Amino acid sequence: MTEKKLNILILAGLLGIDGYYLFKSFTARKYTMVFIGPYEFPKIIGVGLAVLCLIALADTLRRKDDRTPFQIGNLGYVVITVAATCGFLLLWQTFGLFYLWAPLFLLLLFFTYRDEGGRFSKKNILVNAALTAGCIGAIYLFFRLLMNIRL
Amino acid sequence: MFDYDFSQLFTLTNIAFVFVGSFIGLLIGAMPGMGTTLAIVLLLPFSYTMPPLTAILMLLAAYQGAEYGGSISSITLGIPGTPSAAATVIDGYAMAKNGEPGKAIGFSLFASTIGGLLGACALLFLTEPLAKFSLRFNAPDFCMLGLIAIFAIITISSKQILKGLISVFLGLMLSTVGTDTFTGAARFTLGVNGLLDGVYNVSIAIGVFAIPEIISIVTSSLHTQYVPGKKRMVSRLSAREMAGVAPQVVSGSVIGTVIGIFPGLGGAISAWMALLFAQKTAKDPEKFGTGDPRGIAAPESANNACVAGSLIPELALGIPGAAAVAVIAAAFMVHGVKVGPSLFTTDTNLLYGIYFGFFLSVVAMYILGRLMTPFFSKILSIEGAALVPVILIFLIVGAYTGKKLFVHLWVAMIVGLVCYFLKRAKYPLAPIMIAYVIGPLIEENYRRALDLSKGSFSIFVQSTCSKVIFAVLVFVCIFPLLKLAKRKLLSPKGRTLEDIGDDD
Chain A
3 MTEKKLNILI
13 LAGLLGIDGY
23 YLFKSFTARK
33 YTMVFIGPYE
43 FPKIIGVGLA
53 VLCLIALADT
63 LRRKDDRTPF
73 QIGNLGYVVI
83 TVAATCGFLL
93 LWQTFGLFYL
103 WAPLFLLLLF
113 FTYRDEGGRF
123 SKKNILVNAA
133 LTAGCIGAIY
143 LFFRLLMNIR
153 L
Chain B
666 MFDYDFSQLF
676 TLTNIAFVFV
686 GSFIGLLIGA
696 MPGMGTTLAI
706 VLLLPFSYTM
716 PPLTAILMLL
726 AAYQGAEYGG
736 SISSITLGIP
746 GTPSAAATVI
756 DGYAMAKNGE
766 PGKAIGFSLF
776 ASTIGGLLGA
786 CALLFLTEPL
796 AKFSLRFNAP
806 DFCMLGLIAI
816 FAIITISSKQ
826 ILKGLISVFL
836 GLMLSTVGTD
846 TFTGAARFTL
856 GVNGLLDGVY
866 NVSIAIGVFA
876 IPEIISIVTS
886 SLHTQYVPGK
896 KRMVSRLSAR
906 EMAGVAPQVV
916 SGSVIGTVIG
926 IFPGLGGAIS
936 AWMALLFAQK
946 TAKDPEKFGT
956 GDPRGIAAPE
966 SANNACVAGS
976 LIPELALGIP
986 GAAAVAVIAA
996 AFMVHGVKVG
1006 PSLFTTDTNL
1016 LYGIYFGFFL
1026 SVVAMYILGR
1036 LMTPFFSKIL
1046 SIEGAALVPV
1056 ILIFLIVGAY
1066 TGKKLFVHLW
1076 VAMIVGLVCY
1086 FLKRAKYPLA
1096 PIMIAYVIGP
1106 LIEENYRRAL
1116 DLSKGSFSIF
1126 VQSTCSKVIF
1136 AVLVFVCIFP
1146 LLKLAKRKLL
1156 SPKGRTLEDI
1166 GDDD
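Just so you know, the protein sequences line up as chains A and B, in that order. Counting from 3, one number per residue, gives the positions in the first sequence under the numbering used here. Counting from 666, one number per residue, gives the positions in the second sequence under the numbering used here.
Honestly, the hints are just simulated from the structure, not real lab data. Fair warning: there could be bad hints in the mix.
Stated by the list, open to error - In the BS3-like style, the derived pairs of lysine-lysine whose C-alpha atoms are separated by at most 25 Å in a straight line are:
(1) B:K1068 to B:K1003
(2) B:K1119 to A:K45
(3) B:K797 to A:K6
(4) A:K66 to B:K1088
(5) B:K1069 to B:K1088
(6) B:K1003 to B:K797
Said to hold, decoys possible - Anything over 12 Å on all C-beta distances counts as not near chain B; from chain A, calculated:
(7) R69
(8) Q73
(9) G75
(10) W94
(11) K124
(12) I127
Remember, predicted model here, so these are calculated numbers, not experimental data. In this text, a Cβ means the ideal position worked out from N, Cα and C, and glycines have one as well.
Given only the sequences and the hints, what does the whole structure look like? Please build it.
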């Protein structure tokens, strides 16, 4: 994918979100108790954003595609990071048990990112385990003991 | 003001958290690619359970510390830790290469401290007069001032005006989610009860500033390991050496404070302007760039003075002029503190605590800078692979602890992913946060003004004050269009608005 295509996709996405926002603003019930209703300001924002996106879209389409590729370095790491974060949030939200899922989430990320002397070498396992334990310990200390927040 | 009960400020808790804030600011500021705002965002969740004064001082100390911290990697590695430390690289790194990194950091610390102190004096003496003056403003004026602030941020500081404006509208859009304060209508909540109070400001701060930064580290510098030299860090400066850079420190501080007051300019521009001013007024400008201490003192004093300057419009008018201040504004909201002219009557203790606490944050930065700079320069060698999971888990826990609702974590995640792609497509992200913070002020005053005038827009130009503000607003809106049109006329055919924006 080129940068031009990325820009077009972003603008199309923004126009989609804005379309929904405008639809909600224009179809909301009228409030007669106030002179300016709660959806008047959103209407201005929605229309303004639509106009800006359309100008930007026209500008982008007019632009010559210089074929600058849009690349995400370490794509595999990024996908794992996002998927692991979503998975961790989902597990925590569904089952609770933060202090069970959080170390697993951290270990997964540490083992993905770090491979000091081999991914499953003794040194790497020890360092990753120590980093995870330190991190969870710090969270417990700061949030549970000092701030009295149950996770 | 001076009859303030200082025992409220000099408590062990306040002092301890100012040092904690300063430490985190120095640490994050010193790491290239992390930035000042991330330091404040990271500390924001810890401030929930603190008293408002402690929380705000800790965040301000982090802001102040990060501005100095940025110079550590500028000097030792030649890579600026923060954008505002970029100007320091020229002479700072040259001096380090000449074998005097300790001296260079000594000059940076001295200039940052004096800049911070002079900025704090400006905060002390300028905020109240500005707030008093703003009592003449009414609803339409505040609405227009809010608009001026966000348009100025785009038109002055952004290369991409069109994309900057889109970012502003996205921020304004986010600010309309939640229960309408005038009618109680639930707007754009998608039926989610957790969004009735609006999109949580901490989620927005994390989504806009932290997540795109983390993904950027994963994509590009996960295994980058910076190796600073082993020379001695932080040397003492003699009185003669201090006196030698005093004019540049003073001029840098004045430039930094003044630029900080105007929305959108910020630390980086103030540092470059201070450096330029120092060079233009020097008798021997050719020495700049070769490791001249004046080339370190000017930008470093400016970016630290800018911290106090950028706080002035926030405290006096409730309008944050910089991204970092917008995040601090989120802390004010979390603690239910309404900033602006009303703060001068409702919570003077907090206000004066912030004024005088600001001096404390500068002192903390100096002490930690003197004692711990060698440690911070060693920290630079930690690679992103070890940092990313740690930062990520603290951000997740931080976004959750404020309201204990998972919806805010998902919002942070979605906003973060969207913002990453926006960042890659060269959309400025700071205007999203700033517009999100200023949005309610604009909407509230817009509706109040039209309610008062029964829908007549003439209320926006009724009083003399309004006319002046309206004229400024028109200028701020038209100026970039004129600039763009002029450059489009002069540029070769077939060039688009974005190409022209790239030329800046």
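Taking the hints in turn, this is what the structure says about them:
no., hint, verdict
1, B:K1068 to B:K1003, "holds (19 Å)"
2, B:K1119 to A:K45, "holds (19 Å)"
3, B:K797 to A:K6, "violated (50 Å)"
4, A:K66 to B:K1088, "holds (21 Å)"
5, B:K1069 to B:K1088, "violated (29 Å)"
6, B:K1003 to B:K797, "holds (16 Å)"
7, R69, "holds (15 Å)"
8, Q73, "violated (9 Å)"
9, G75, "violated (4 Å)"
10, W94, "violated (8 Å)"
11, K124, "holds (18 Å)"
12, I127, "holds (15 Å)"
In summary, the structure is inconsistent with hints 3, 5, 8, 9, 10 from the numbered list given earlier, while agreeing with the others.
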